[in-house]
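J.: Each chain, written out:
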Amino acid sequence: MNFKDGLRDGIPICLGYIAVSFAFGILAVENGLTTFQAVLISLTNLTSAGQFAGLTIIAEAGTLIELALSQFIINLRYMLMSISLSQKVEEDFKGLWRWIFGFAVTDEIYAVAISHEEIKKEYFAGLTILPIFGWSLGTFLGAVLGNVLPSMISGALGVALYGMFIAIVVPVARDNRKVLIVVLMAIAISMILRYVPVFSGISGGFSIIICTLAASAAGALIFPVEEVDD
Amino acid sequence: MDYKVFLPYLLVMAVVTYLIRVIPLVLMKKKITNRFFRSFLYYVPYTVLSAMTFPAILYATDHMVSAAAAFVVAIILAIYDRSLIVVAVGACSCVFLVEMALSFL
Chain V
33 MNFKDGLRDG IPICLGYIAV SFAFGILAVE NGLTTFQAVL ISLTNLTSAG QFAGLTIIAE
93 AGTLIELALS QFIINLRYML MSISLSQKVE EDFKGLWRWI FGFAVTDEIY AVAISHEEIK
153 KEYFAGLTIL PIFGWSLGTF LGAVLGNVLP SMISGALGVA LYGMFIAIVV PVARDNRKVL
213 IVVLMAIAIS MILRYVPVFS GISGGFSIII CTLAASAAGA LIFPVEEVDD
Chain F
-2 MDYKVFLPYL LVMAVVTYLI RVIPLVLMKK KITNRFFRSF LYYVPYTVLS AMTFPAILYA
58 TDHMVSAAAA FVVAIILAIY DRSLIVVAVG ACSCVFLVEM ALSFL
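Here the protein sequences line up with chains V and F, keeping their order. Letter by letter, the first sequence follows residues 33 to 262 in the working numbering. Letter by letter, the second sequence follows residues -2 to 102 in the working numbering.
Derived by calculation from the structure, the hints in this document are not laboratory data. A hint or two may mislead.
[To be verified] For lysine-lysine, the following DSS-like pairs were computed, each having C-alpha atoms within a straight-line distance of at most 30 angstroms: (1) V:36 / F:26; (2) V:153 / V:36; (3) V:210 / F:27.
Assemble the whole structure, with the sequences as input and the hints as a guide.
T.: This is the structure:
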């Protein structure tokens, strides 16, 4: 798993990012930002839900505290992902490398990296480059081209990232009954938070954190893993 | 937007998001030995990806029918161990075809 393998695994993420950030670029310009400002946000934040929420607050001239709080809550899931990653990175993935590559922990990059036994820094470096580039490129294209892409195509591209998530979870859930049950619990909680009116005030980012904490804790209690092979 | 207004916003967003990602990675230098926490972390990738996918995927396209079809196609492809890119492209193609079909109805 070297740099080249990382680059290759980054291609589907990059394509998905171009599609999603295209939508962000359109929205940013509609809300009064310049193309360069939209790209600056994408280049420095590299996150979807957080940027969309942040843009809303900026457009409404919200306070900096409001902005910080929204980013903290929506992006708190990255904390769980970073803890999880820290357990799988190889010995010499440390020091400055962690300060640099910590920047690139996104849902998709995390998902692909964590599916390996051990994460080498060269692999992780390769994995992050194209997605970072794609995220900014898509934002630029969206900001410049606006709404010229037919929604049929943008809608089709919009499921690319979900397809990747499914490709990672399903084969493991198929062979491992414990993982399957824990996955079904996470989905059940996710649906309850989405459809039961009492919970309608919970943001998407926070809902993901609740599902992850509750289902993983339930899994750890009911099916403790004897020897985690990592 | 004026940069005097924009730059503080940009800085706050970027710094908060960066610190959330990097602090756990920098602080967690040792392997966790606690059995509960190890088991918990073993399940995190699957629970977080599942929670992000469902039901959100159903609202990712213009019509829920195309999204649901893509969901089923992706699961079938994944059960047969197709690669990430094949599953992703399969789901996208499925949405495109169903949306095409719907536009002719």
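J.: Hint by hint, say whether it matches the structure.
T.: Verification of the supplied hints:
{"no.": "1", "hint": "V:36 / F:26", "in the structure": "27 angstroms, holds"}
{"no.": "2", "hint": "V:153 / V:36", "in the structure": "12 angstroms, holds"}
{"no.": "3", "hint": "V:210 / F:27", "in the structure": "27 angstroms, holds"}
In summary, the structure agrees with every hint in the numbered list given earlier.
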